[in-house]
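Asks: Chain order of the listed sequences is U and Y. Residue 225 in this note's numbering sits at position 225 of the first sequence, and the numbers go up by one each step. Residue 14 in this note's numbering sits at position 14 of the second sequence, and the numbers go up by one each step.
In case anyone wonders, no lab produced these hints; they're calculated from the structure. Even glycine gets a Cβ: it sits at the ideal position worked out from N, Cα and C. There may be inaccurate statements among the hints.
[Unchecked claim] Computed beta-carbon distance windows for the label pairs: (1) Y/Leu75 x U/Lys109: 52 to 58 Å; (2) U/Asp65 x Y/Leu53: 40 to 46 Å; (3) Y/Pro19 x U/Gly126: 44 to 50 Å; (4) U/Ala111 x Y/Ala192: 39 to 45 Å; (5) U/Asp56 x Y/Ala192: 32 to 38 Å; (6) Y/Leu55 x U/Asp56: 31 to 37 Å; (7) Y/Ser27 x U/Tyr13: 38 to 44 Å; (8) U/Gln71 x Y/Pro42: 31 to 37 Å; (9) Y/His52 x U/Gly126: 46 to 52 Å; (10) Y/Phe41 x U/Thr18: 41 to 47 Å; (11) U/Gly66 x Y/Leu34: 29 to 35 Å.
Chain residues, written in single-letter form:
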Amino acid sequence: MATIEFVDVTKEYPNAKTPAVDNVSFTVHEGAICMLLGTSGSGKTTLLRMVNRLIDPTSGEIRIDGVPTTQQDPIALRRSIGYVIQQVGLFPHLSIEDNVRVVPSILGKSAAETRDRVDELLHLVGLEPAEYRKRYPRQLSGGQQQRVGLARALAADPAVLLMDEPFGALDAITRARLQDELLNVQRGVRKTILFVTHDVEEAFKLGDQIVVMSEGKLVQEGSPIELLAQPASDFVRQLVGADNILRQFEYQPVTAALEPATDAAQERIAADERLLPALLRLIQMRNGALAVVRDGETLGQVSLASVFASVQSIHRNASAASGEHNRSADSAPVIR
Amino acid sequence: MSYILDGYNWDLTDPGSIPNLLIAHISITFVSVLIGLAIAFPLAFLVARFKHLYLPTVTTAGILYTIPSLALFALLIPFTAFSQATVLIPLVIYTQVVLIRNIVAGIRAVDPQLVEVGRAMGMNSWQLQWRVVLPLAMPVIIAGIRVVTVTTIGIATLAPWVGTEDLGTLMYQGFNFARSDMEAAGTILVIALAVAADLLLLGVQAALSRGQRVNALSEA
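Excised from the complex, chain Y in its bound form (with noise of 0.2 Å):
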C-alpha cells in the first residue's frame, strides 16, 4: 500500500504517476471498448437478420478471441510498430465474441409480438429497430458490455510490454526492479478500476431496465 499512499506517486506532471497511468488506462480501456461496440453493433444487427451468417461470425470472432494477447502483440509489431494501436487492435478484436453473442441474444430474446406491435402501429423498420428492440436488448447488451469492460481493463494490462504506459506499467516495472509495493499497487489499482467500472455499468443497466423487469409482454 506504501506505494499508492504515497504522495510521491500522485505528481500529475510526471507521466508515470498513478493518476496519469489510471487515466491512461482508463482512455485504452474506454477507447477498445467503443470501437468494439462501433463495430459489434452493425454485424450483431446483421448476423440477427441473416441467421445463417451468425455461426460463422460468432465462431471467427471465437477462434480469434482464443489467440493469446502476446501473439497477437508480437504478430502486430511490424505492421504497427509500438504505436498505441498494437494494443487496441487486440483488445478490440477480443471484444467481439462477447459484444456479438449478447447484442445478438438481446435481440433475440425481444417478444416478437411486441415487434408486431410496433410494426401495427405502424412503425417502419427503423423505428421499429431504434424504438423497441434496441431498448427492450439494451439489459442484455450491458450485461455484455460490463463483461467485455472487465476483461478489457485486465488484458490492457498487458500495454506496457509494446510500449503503451497505463497500470499494467506498475506491474511490468515492479517485476523488473522487483518492487513488490509497484507490482501490489498495480494490481490494486487495476481491481478497484474494474470493481468500479462494473458497478457503474450496472447502475447503467438498471436504469435502463425501468419498468422492464421481464423483457416480455406484461403479464394480464
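Chain U extracted, bound-state conformation (with noise of 0.2 Å):
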C-alpha cells in the first residue's frame, strides 16, 4: 500500500496559453480510491500520468510513501505501478495469458513460474483461467476484455493502481458489472487507486474521495459527501448535482437527519446506513422513526420529520458555502 501526495504540481505545454495542470496538491490515502474528475481537458488524465511518469511535472513533485516520483527510475517505478486504460490496450498479439503476466515477464519471470499467478488473477476478475488463458483478446468481449486489463495491472503486485477511464467504452450494464467488481476486487487487495473519469455517477460510486478538476486546476477535493454537502462552487454543485435530492438521499448518512430518541422509534437502522434506504422504510412503516445505533449504543432516532429538514438545512449551507467558498480548494467541514 501507498500514500501519494501531490505537491504543487503544475504542466505546462510550450505551445498551450493556460498549463495543463495548475498548481494542484493533494493527498490519496492508502488503500483509498480516489476519483480524478471532470471533463475532457480538465488535466485529469495529465495529471494521472505524472504518476508513472509517462509525463514529467514541469515543476512540483507527486511523492510516493514520500519519495518523490522524479527521484526514481522511471522503468522501475512504472514496473510498480498498476495501469489500466479506456481501451484496454491488450497487446492483440498476446494470448490472456501473455497478457496478463507482462509486467512479470519483463521483469524476468518465465512462463512456469507465473502459471499460478496468471490462474489466481483471472479467477479474481472472474474469468475462468482453463476457458480464457489460450485466447487472444479479440475473442473476449469488452467487458471481458477490461477483466484482463485489470488482471494485467495486478500482475506484479503494484501497490499503486492508475486506472483511465477503464470502463468509459463499456455499455452501461457491463460498466455497473464491472463497478462492483473493482469494489470486490478492491476489498481483496486494497490498492491506492487513482481513477480517472468524467462520470459522476461512478466518481459517486466508487470513490473514498474525489477530486474535481476544471481547466486544469483542482476545484474541490474531498469525500462525496463533502461534495455533496458542501459544494465549493457553482460548477461542483452542477457537475455533482447537489441540488438533486435523490442523490442526497443515496449519498448523505442517516446521521446527517439525526434527532433525539424518543419513544416512536420501533426499528433500528445501523449509523453507516445511507438515507435512503432509511427514507424507504420509513415510508413503509408509514410514520414512525428509526432508531440510529452505532456499536449497540443509540445515537439517536430519524424521522420523516427530520429527513426532510435535513435536506432542506443541506440545501441552505450549500448555498450558503457556495458564496463563501467560491472556486476555493478548501474542503469544507463535513457535515454528519
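Work from the hints to combine the two standalone chains into their complex.
Replies: Here you go:
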C-alpha cells in the first residue's frame, strides 16, 4: 500500500496558453480509491500520467510514500504501478495469459513461474483460467477484455493502480457490473487507486475521495458526501448534482438527519446506512422513527420530519457555502 | 516437360542436374534475402525513428532498384569478376526498396497507444521494440519479404550470365542450344519455386498474425 502526495504539481506545454495542470496539491491515502473527476481537457489524465512518469511535471512533485517520483528510475517506477486504460490496450498478438504476465515477464519471470499467478488473477477478475488462458483478446467481449486489463495491472502486485476511464467504452450494464467487481477486488487487495472519470455517477459509486478538476485546476477535493454537502462553487454544485435530492438521499448517512431519540422509534438502523434506505423504510412503516445505532449504542433517531429537515438544511448550507468558498480548494468541514 | 521428367536430369552427382540447380537457386535467393533483411532492418528502424531520413533513404534505394540487373552485373565484374558476389550484390540491392518501405510501414502501422501501454507497463525501449513493435509490424514485414523473395527468384535466373549456375542455367543453355524443352523446364521450375516460396511465407504470415486480424486496439 502506498500514499500518494501531489505537491504543487504543474504541467505546462510550450504552445499552450494555460497550463494543462495548474498547481495541484492533494493527498491520496493508503488503500483509498481517489476519483479524478472532470470534463475532457480538465487535466485529469495528464495528472494521472505524471504519477508513473509517462509525463514529467514542469514544476512541483509527486511523492509515493514520501519518495518523489523524479528520484526514481521511470522504468522501475512504472513496473511497480498498475495501469489500466479505456481502450483496454491488450496486446492483440499475445494470448490472455501472456497479456496478464507482461509485467512479470519483462521482470524476467518465465511462463512456468507465473502460471499460478495468472490463474489466481483470472479467477480474481471472474474469468475461468482453463477457458480463457489461451484465447486472444479479439475473441473476448469488451467487458471480458477489461477484466483482463485489470488482471494485467494487478499482476506484479503493485501498491498503486492508475485507471484512466477504464469502463468508459463499455455499455451501461457491463460498466455497472465491472464497477461492482472492482470494489469487490479492491476489498481483497486494498490498492491505492487513482481513477480518472468524467462520469459523476461512477465517481460517487467508487470513490472514497473525489478530486474535481477544471481547466487544469483542482476545484474541490473531498469525500462524496463533502462534495454534495458543501460544493465549493456552482461548477461543483452542478457537476455533482448537489441540488439533486435523490442523490442527497443516496449518499448522505442517516446521521445527517439525527434527532434526539423518542419512544416513537420502533426499528433500528445502523449509523453507516444512507438516508435513502432509511427513508424507504420510514415510508413503508407509514410513520414513526428508526433508532440510529452504532456498536449497540443508540445515537438518536430519524423520522420523516427529520429527514426532510436535513435535506433542507443541506441545501441552505450548500447555497451559503458556495457564496463564501467560491472556487476555493479548501475542503469544508463535513456535515454528519 | 520431357526435360523435367527425364531421370537423367535428376542425377545428383551432376552439378548441372535439376536438383542441384534448384538447390543453388534456393540458396542464392535465401542468402540474398537474408543479407537484404540484415541491412534493411537496422536501416528501417533508424529511418522510422528519424523521419527526415526516410525520403533520402527510400529514394536512394528506389534509384538503385531502377538500374537494370545486367548493367549492374557489368558494373561489378571489374571488381568481383565471375564470383557469386557479382550475383548477390545486385540481388541484395534490389531487395532494399521494398524491404525498407514495408518494415517502416509495418512499424508506423503499430497503434501508438499500444506502444504507450507497453511503456506504461515499464518496458524499456529494447523491450518495446522486441515485444510490441516488431511482432505487431510482422505481418506487414512478411508481406514485404514475400514480394522480395519472389522478385529475387526471378532476377536470380540471370545469374548464369555472370558465371553462377542456378535454374537460369536451363534457360540460358536452352536458348544457346535452341533446346526449347530446357527453356520450358527452367521456366516451369522457376515459377513453381516462386509459387512455393510465396505460399510458404503466406503460411508464416498467417501464423504470425495469430489473434491479430486487426492491427489495432481491440474494439470494445
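Asks: Against each hint, give a clear statement of whether it holds in the structure.
Replies: Each hint, compared with the structure:
1. Y/Leu75 x U/Lys109: 52 to 58 Å: Given range 52 to 58 Å: holds, Cβ gap about 54 Å.
2. U/Asp65 x Y/Leu53: 40 to 46 Å: For Y/Leu53 against U/Asp65, whose Cβ atoms are near 44 Å apart, the range 40 to 46 Å holds.
3. Y/Pro19 x U/Gly126: 44 to 50 Å: For Y/Pro19 and U/Gly126 the Cβ distance comes to about 59 Å; the hint is violated.
4. U/Ala111 x Y/Ala192: 39 to 45 Å: Check passed, 41 Å falls within 39 to 45 Å.
5. U/Asp56 x Y/Ala192: 32 to 38 Å: violated (59 Å)
6. Y/Leu55 x U/Asp56: 31 to 37 Å: Since the Cβ atoms of Y/Leu55 and U/Asp56 sit about 32 Å apart, the hinted range of 31 to 37 Å holds.
7. Y/Ser27 x U/Tyr13: 38 to 44 Å: At 56 Å between Cβs, range violated.
8. U/Gln71 x Y/Pro42: 31 to 37 Å: Holds - the Cβ-Cβ distance for U/Gln71 and Y/Pro42, about 35 Å, lies within 31 to 37 Å.
9. Y/His52 x U/Gly126: 46 to 52 Å: Given about 49 Å between the Cβ atoms, the range holds.
10. Y/Phe41 x U/Thr18: 41 to 47 Å: Check passed, 44 Å falls within 41 to 47 Å.
11. U/Gly66 x Y/Leu34: 29 to 35 Å: violated (54 Å)
The earlier numbered hints that this structure contradicts are 3, 5, 7 and 11.
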